[in-house]
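Using the sequences provided together with the hints, build the complete structure.
There are 4 protein chains.
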Amino acid sequence: MSHNSFGHLFRVTTWGESHGPAIGCVIDGCPPRIKLSEADIQPWLDRRRPGQSKFTTQRQEPDEVAILSGVFEGVTTGTPISLQIRNVDQRSKDYASVAQSYRPGHADLTYELKYGVRDPRGGGRSSARETACRVAAGAVARLVLGQGVRIRGALVQIGPHAIDRGAWDWEQVYANPFFCPDAKAAGVWENYLDGIRKSGSSVGAVVEIIAEGVPPGLGAPIYAKLDADIAGALMGINAVKGVEIGDGFAAAALRGEANADAMHMAGGRIAFGSNHAGGILGGISTGQPIVARFAVKPTSSILTPQPSVTRDRHDTEVATRGRHDPCVGIRAVPVGEAMLACVLADHLLRHRAQNPA
Amino acid sequence: MSHNSFGHLFRVTTWGESHGPAIGCVIDGCPPRIKLSEADIQPWLDRRRPGQSKFTTQRQEPDEVAILSGVFEGVTTGTPISLQIRNVDQRSKDYASVAQSYRPGHADLTYELKYGVRDPRGGGRSSARETACRVAAGAVARLVLGQGVRIRGALVQIGPHAIDRGAWDWEQVYANPFFCPDAKAAGVWENYLDGIRKSGSSVGAVVEIIAEGVPPGLGAPIYAKLDADIAGALMGINAVKGVEIGDGFAAAALRGEANADAMHMAGGRIAFGSNHAGGILGGISTGQPIVARFAVKPTSSILTPQPSVTRDRHDTEVATRGRHDPCVGIRAVPVGEAMLACVLADHLLRHRAQNPA
Amino acid sequence: MSHNSFGHLFRVTTWGESHGPAIGCVIDGCPPRIKLSEADIQPWLDRRRPGQSKFTTQRQEPDEVAILSGVFEGVTTGTPISLQIRNVDQRSKDYASVAQSYRPGHADLTYELKYGVRDPRGGGRSSARETACRVAAGAVARLVLGQGVRIRGALVQIGPHAIDRGAWDWEQVYANPFFCPDAKAAGVWENYLDGIRKSGSSVGAVVEIIAEGVPPGLGAPIYAKLDADIAGALMGINAVKGVEIGDGFAAAALRGEANADAMHMAGGRIAFGSNHAGGILGGISTGQPIVARFAVKPTSSILTPQPSVTRDRHDTEVATRGRHDPCVGIRAVPVGEAMLACVLADHLLRHRAQNPA
Amino acid sequence: MSHNSFGHLFRVTTWGESHGPAIGCVIDGCPPRIKLSEADIQPWLDRRRPGQSKFTTQRQEPDEVAILSGVFEGVTTGTPISLQIRNVDQRSKDYASVAQSYRPGHADLTYELKYGVRDPRGGGRSSARETACRVAAGAVARLVLGQGVRIRGALVQIGPHAIDRGAWDWEQVYANPFFCPDAKAAGVWENYLDGIRKSGSSVGAVVEIIAEGVPPGLGAPIYAKLDADIAGALMGINAVKGVEIGDGFAAAALRGEANADAMHMAGGRIAFGSNHAGGILGGISTGQPIVARFAVKPTSSILTPQPSVTRDRHDTEVATRGRHDPCVGIRAVPVGEAMLACVLADHLLRHRAQNPA
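Protein chains in written order, with this note's numbering: chain A, 1 to 357; chain B, 1001 to 1357; chain C, 2001 to 2357; chain D, 3001 to 3357.
Among these hints, one or two may not hold up.
Stated by the list, open to error - Simulated restraints, written as ranges between beta carbons of each label pair:
{"hint": "1", "chain 1": "A", "residue 1": "Ser274", "chain 2": "B", "residue 2": "Gln1042", "range": "38 to 46 Å"}
{"hint": "2", "chain 1": "A", "residue 1": "Glu73", "chain 2": "C", "residue 2": "Trp2168", "range": "56 to 64 Å"}
{"hint": "3", "chain 1": "A", "residue 1": "Gly268", "chain 2": "B", "residue 2": "Gln1042", "range": "22 to 30 Å"}
{"hint": "4", "chain 1": "D", "residue 1": "Gly3148", "chain 2": "A", "residue 2": "Pro160", "range": "56 to 64 Å"}
{"hint": "5", "chain 1": "B", "residue 1": "Ser1037", "chain 2": "C", "residue 2": "Ala2039", "range": "47 to 55 Å"}
{"hint": "6", "chain 1": "A", "residue 1": "Pro160", "chain 2": "B", "residue 2": "Trp1170", "range": "29 to 37 Å"}
{"hint": "7", "chain 1": "D", "residue 1": "Gln3100", "chain 2": "A", "residue 2": "Ala96", "range": "24 to 32 Å"}
{"hint": "8", "chain 1": "C", "residue 1": "Ser2199", "chain 2": "D", "residue 2": "Ala3357", "range": "43 to 51 Å"}
No lab work stands behind these hints: they were computed from the structure.
Remember, predicted model here, so these are calculated numbers, not experimental data.
From the three backbone atoms N, C-alpha and C, an ideal C-beta is built for every residue, glycine too.
Right under this line is the structure:
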């Protein structure tokens, strides 16, 4: 058990604060003899990196990863992989005012209620900066899963504006600053988010992650269900308030016939007529694409002054002046992909422990 | 790590199949000197018990719990508490046909893909019967939490029919067979579900669980967030496809000012103007009520014939003849309460390990 | 994490007190499609069973095991295996006096210091009766390891009387009531232990367990070393005070040349000239036999009166009248075998998770 | 579960290889608001540091520790503490020959059997260099335990030469290069070990660790026994082959009356007439000093040529030319202290989770 570790056999332990000297993670349990260098990890970090458009925080972090252990002559050795990313653009003075009061909707309050102390610089440990480590670990998880498994994410809603799912085009995801699969929606979002940003406010979003090529049989009854572990992984991303698998909440309104994915034989293999289940039945993967969605609340750090209280228990108003994402959901896309990759890599190892080939 | 255990310090391991001789659980880590007898557990099991109305399966199980260890002279001793419930109304012949093919939307397929074998009698281990053990464990978890914490659940939607939240009345929850807090909605549901049942179909539902009196500080960054653990716990209940905390998916459409829960001092304590967060910030409880919701898909075992495949890989049609719940979401209410109780008890112990009073 | 579970992937959770209605265990993570019935477990329990000679406690327990879950049509299904053994010969009145004072050298005191309460009947949870569950789990672990792995134990010392290792004969182990591999020593022990027994005293012993056929590569650096896990497993058996692997403490007196096991090629495979290492280097199995030894202290419950204190903190004298083993080390032989089997099964699964064939 | 983590609530994850850029550890679960700076850790590292006498390896490593996270304004924040030590004196060329063959008695062979790859530079992950991280973590564990708990170790035997226990003087431990509590024995050892060193050989040793002031009640039945966890912790130190608690193997030769620690009341508290148990009964601390001993085998890397095999499976002779300790047991003293500190800190947290004050 650990508060800052994720996974069981492919196990990631992260450390570091927003404005400390560095952040990093230790990956334990990675199979040996996998080709690995910084070049396998850096591109994924670059996708999550802040400061790449006006729609994300202007903090400039190169997020350059260094491998400190676990790799010899270009391959993993089966020993722990230590990854480290230096923090280079800390501006702790931005946060001086935050140290004495609590931003509404932020972890400022709860860290202090829990521990009686907190590192207020940039949100300390609660900063979304920690998610860089998740993305780095996810890059390694992808290598464990192998090329047969493809994990991609997209933003499907910003504020009240959802995409047209019929217009879904994966190419678009890589062509706009929103990871938006619908070119038209991306245009709408650009205007909308610009207004949000200029007004000093923020807005929520919905992210969808799809994993194709996942072998059937991953996951386990009863308390290691694949969907339960995915739900925990995604809900554990900063600012996430809801998670769905497959049809999710929409399934509540369906009748049994409408919700079940009928099967038939096709080319000697079991084929499905639909994927309401999102690739998971009874907590175990079916071989269909795994489809997960999560809702991200609006960034709590906004310029708009809000009623709050001080550390010494007086009423106050709080307005955040530091650098922040107007829609933290955007950069949650690569984070969500990484978390799904980590869950799947862990379950791949768990599965073959009990069920050798 | 374990596939069939839940929690870390308040740890529950369940075992048993739908049509085996018994089901049960072992609760490890329960604090000593807590008064405990079967009478503390049985009422909660009775709420979940099948066969109490025409809207749940007609299987008749008394679900009588026996404490086999961990209690001496009426109090817990700190050693493992073994709880056991005999299965008395197995009718395995009902399931003979199911053994040779896979119900669409059911775990039949995936258990077999994973393990190469399955116990088809009543769904074996994947049966919702296992949730009786969760309810039993939840009863003990409530005692660990103490009387200051109140955990209650309600059904807030059946099929497309949601309650009127303005009409919420906790008394109603105990007065109708749906755990419905809105008397008027309960009437609508009765007619609606009767139709579903008679047509041999099934329907989904949404359950809401609220925990009041939870002390602030429970939960932990980063991978032991209270909301992440709740999400995993609820998603791990049979047939659940979505989980929300507080505003959940609705938060995605909100702006920062609308979503944040402003604070002020009241009577020397921090008070909140709203609870969009559902009682959790940064993965740690705020002291406000914890609000979680989950979506239950329609029961996959229905009378309506559906296209499927056989174990020996031929096309077929499957119609389930055994006893089933037309809306498995109803009995998920006490199960959801129990899971939330277990998560909170576990986190209470985790919290005080690191943060002694 | 759990106080009453052992192992990670092949995970055993035990429960039950000496004088409760039953004891039992849940085995989680067992691979599917292994043939298993009570007949595979009972013979191992019979070896540990009390009352088979005058040298073990006279409590008469058939120790009849029942499989309550996890097996369908004679094979494991991959779901938890619940095993249960009824207690039939409890005589709780024997222990009335013990309830009010603490036996020197016994867990009476520490359970109460820890929990503020204890079940004094037959030692409650601290009774060696719990080890029946370990033996039952070990029987399943042997099936996981397969017929290529042979795990056998023997008693090599009782009190000051060690065996002549040159006279080691495995046949003898099954021919005397001491699991003694040296026929001559067995004769000496019989007289010696008869004297101990008649004088109302007890005596310690040393047990040696050898596992042959263990594949190389099991175990893991740094904190999951095979020898570390074996040491923990054996030290966790009741009354054990020391554990050795290979040469153990004798290695401290050796020079590097004398201790190292030289290697050479033989028939295309690596062969060793000796086995000082006891089959483990760097925490990982070499393929040589694994050799472990452990020291069992004399039973603390003896007829001889000893100075002690009462629960209400007065000086007293304690003499135990209940039924006890004059040398609890004898019955520790099958228990030690079982623990080694469980460690190896767990590490087999762990190994193949990270290192698929 | 993790191969490279230790502990459950006070949890240490280490990483790094002997000749990589750095080694380090992440400590998770440390209580908040404990004063901590590098100055609290460095002195313990300095005690373990190599190159301080001719009796340890001549590798020159300053072992300077840096705290990278988890501390703010001089106190722990409850978030993970990342510690890092740069490697500065790697001479990888020393190990070129070792890369192609296996040192007898060394983990060279088994790492490669397990993973199919190894980092041969300085033993890679299997190097005793990793133990610096344990010592660093142990320094933090001591702060968690507080000043009431004192953990000290000593070397009590080198090769065949044991100390005179009657001459035990803790002052001496800090006055000679062997951590030897017997001044006379230290003199004998100096000559003896000089001969061993000059002949290019090595020798084993026995270390004893004593923890005073440990509160009663730490540890837990059945599989989290304090002595079992200590045994696992100490056996997991490089080159350890045996572990004892209290009288250890000597207890096997004793009768019940001789082994039990009689109790009486003294000054209103329970007092013991002896401490054969080494401070632990039934897996739970009694409040008496905890006494543990472990045997360290002779260093396997010696100048003396030994028969071995090559990676490509030919007979060869191996003689190690790199820098090594003639008696690795010496530097195991601070490592043993650290491991005991970590076990106790973990159990302190575990205890208060279940048993709040």
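Going down the list of hints, with the structure as the test:
Between Ser274/A and Gln1042/B the CB atoms are about 42 Å apart, so this pair conforms to the stated range of 38 to 46 Å. Taken as a hint, the range 56 to 64 Å is violated for the pair Glu73/A and Trp2168/C, whose Cβ atoms sit roughly 46 Å apart. Look at Gly268/A against Gln1042/B: about 51 Å separates their beta carbons, and that is not inside 22 to 30 Å. In this structure, Gly3148/D and Pro160/A meet the distance hint of 56 to 64 Å, their C-beta atoms being roughly 59 Å apart.
For Ser1037/B and Ala2039/C, the Cβ-Cβ distance of about 37 Å falls outside the hinted range of 47 to 55 Å, so the restraint is violated. In this structure, Pro160/A and Trp1170/B meet the distance hint of 29 to 37 Å, their C-beta atoms being roughly 32 Å apart. As the Cβ distance of Gln3100/D to Ala96/A is approximately 59 Å, the hint placing it in 24 to 32 Å is violated. Ser2199/C and Ala3357/D have their C-beta atoms about 45 Å apart, which keeps the hinted 43 to 51 Å range intact.
Hints 2, 3, 5, 7, counting from the list given before, are not met by this structure.
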